[in-house]
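A.B. asks: Each chain, letter by letter, is given below.
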Amino acid sequence: MSTKSETSAPVKPNWLKVTYDQKKVDQMNDLLSGLKLNTVCAEANCPNLGECFGSGSASFIILGPNCTRACRFCDVPHGHPHEVDLLEPLRVAEATKKLGLSHVVVTSVDRDDLPDLGADQFVKTINAIKELNPNTTIEVLTPDFQGHEDCLDKVIAAGPDVFNHNMETVRSITPKVRHRATYDTSLHVLKYVKEHAPKSMYVKTGIMLGLGETDPEVYQLMDDLRAIDVDFLTIGQYVQPGPKNFTLKEWVPMERYQRYYKEAMKRGFKFVASSPLVRSSYKAKEELEAVENQ
Amino acid sequence: MMIKEVHMPKLSPKSDDYFFGKWVKQPGDTVKTGDVLFEVETDKVISQVESQEDGVLTAQKVATGDTTKVGDLVATIETA
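Residue numbers (the UniProt record's numbering), protein chains in the order written: chain W, 1 to 294; chain E, 1 to 80.
No wet-lab data here; the hints were simulated from the structure.
Since this is a predicted model, take the numbers as computed values, not measurements.
We put the CB at the ideal spot given by N, CA and C, even for glycine.
Treat the hints with caution; some may be incorrect.
[Claimed, not checked] 25 Å max Cα-Cα, derived SDA-like pairs, lysine to any residue:
1. W:Lys283 to E:Phe19
2. W:Lys23 to E:His7
3. E:Lys10 to W:Leu277
4. E:Lys14 to W:Glu250
5. W:Lys17 to E:Met2
6. E:Lys69 to E:Met1
7. W:Lys24 to E:Thr33
8. W:Lys17 to E:Ala80
9. W:Lys244 to E:Thr33
10. W:Lys17 to E:Gly65
11. W:Lys98 to E:Pro13
[Unchecked claim] Here are some, though not all, of the chain W residues that point toward chain E, as calculated from beta-carbon distances under 8 Å:
12. Lys17
13. Tyr20
14. Ser55
15. Asp153
16. Ile228
Start from the sequences, fold in the hints, and give me the full structure.
C.D. replies: Next up, the structure:
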């Protein structure tokens, strides 16, 4: 249970004010729980939940709800993993249809316990979505699969439109906030996907600000990403989920988001979203449309 | 005339206790569906909770700084 004394760290800035339409959110929750589906929106207690659920948009998290890793920035529960639900891909596809999503984001918890590290469930989910929703574009946000290329090959072959894997933060902070994931493994994942995916598949990554990163470190990260030709970059504010998580260092001023946006675009990313409430899948549909219409 | 009770909605999937921020509407104010009634702080955000009714706010049952639980009576609205 949370109390004010535990969460009162830095006072929340005004931009963390979000509106909330209870009826619409309840409708969405009913539909999702009826289909026994988890969303990263709810699992990670996302600040944009009210807005996205209110507009009928959601990002599905498969293979959960428990994650085999305990990254210190993350609110998704760490615990004993559940058995793989063989009908989950079909239910994600059904929910995509019921919600009429023209773009769907599928992510997962880490499944270091599975021989395929969860790759097969991504493949089945992509296939099921395509079967039931032939016109829906698909974005995956995957774990690092411990850098295993056979897992990446499987997901690439299933043919999502966007392949996202998050770097999460700059090199120096990575070991402090990520568990069993390294900066270099994540770079390798992105590089491998870019080299082996068809040209039409966009490669995307995202980072959080407010963990104590410096300007030169952020620019180095951008250079590292552009050196391997990553297409999209999302930059958003870390919001500490609870007292046990990595301590928030600062609410990053808007000026830095704007500067990073310009610096990233100058370096040649096709699309950059840089703003406090940006999350990996926030307005992902609009992002893909913007690039496709360029 | 009907008195409708406003209860604290579930604003965070992971917590049922929130800190009451501030009232945006005062007793006697006319409210419309979609108007922001009050602000509440949960772990990650400040949620602006909208009215689900058209009417007049008749009473505030919680104050700034209070801890409120999901389902608690927060206010009453007189509807036409």
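A.B. asks: None of the hints should be skipped; say for each whether it holds.
C.D. replies: Now the hints, each set against the structure:
no.	hint	verdict
1	W:Lys283 to E:Phe19	violated (29 Å)
2	W:Lys23 to E:His7	holds (13 Å)
3	E:Lys10 to W:Leu277	holds (21 Å)
4	E:Lys14 to W:Glu250	holds (24 Å)
5	W:Lys17 to E:Met2	violated (31 Å)
6	E:Lys69 to E:Met1	violated (28 Å)
7	W:Lys24 to E:Thr33	holds (13 Å)
8	W:Lys17 to E:Ala80	violated (30 Å)
9	W:Lys244 to E:Thr33	violated (38 Å)
10	W:Lys17 to E:Gly65	holds (17 Å)
11	W:Lys98 to E:Pro13	holds (22 Å)
12	Lys17	holds (5 Å)
13	Tyr20	holds (5 Å)
14	Ser55	violated (14 Å)
15	Asp153	violated (35 Å)
16	Ile228	violated (32 Å)
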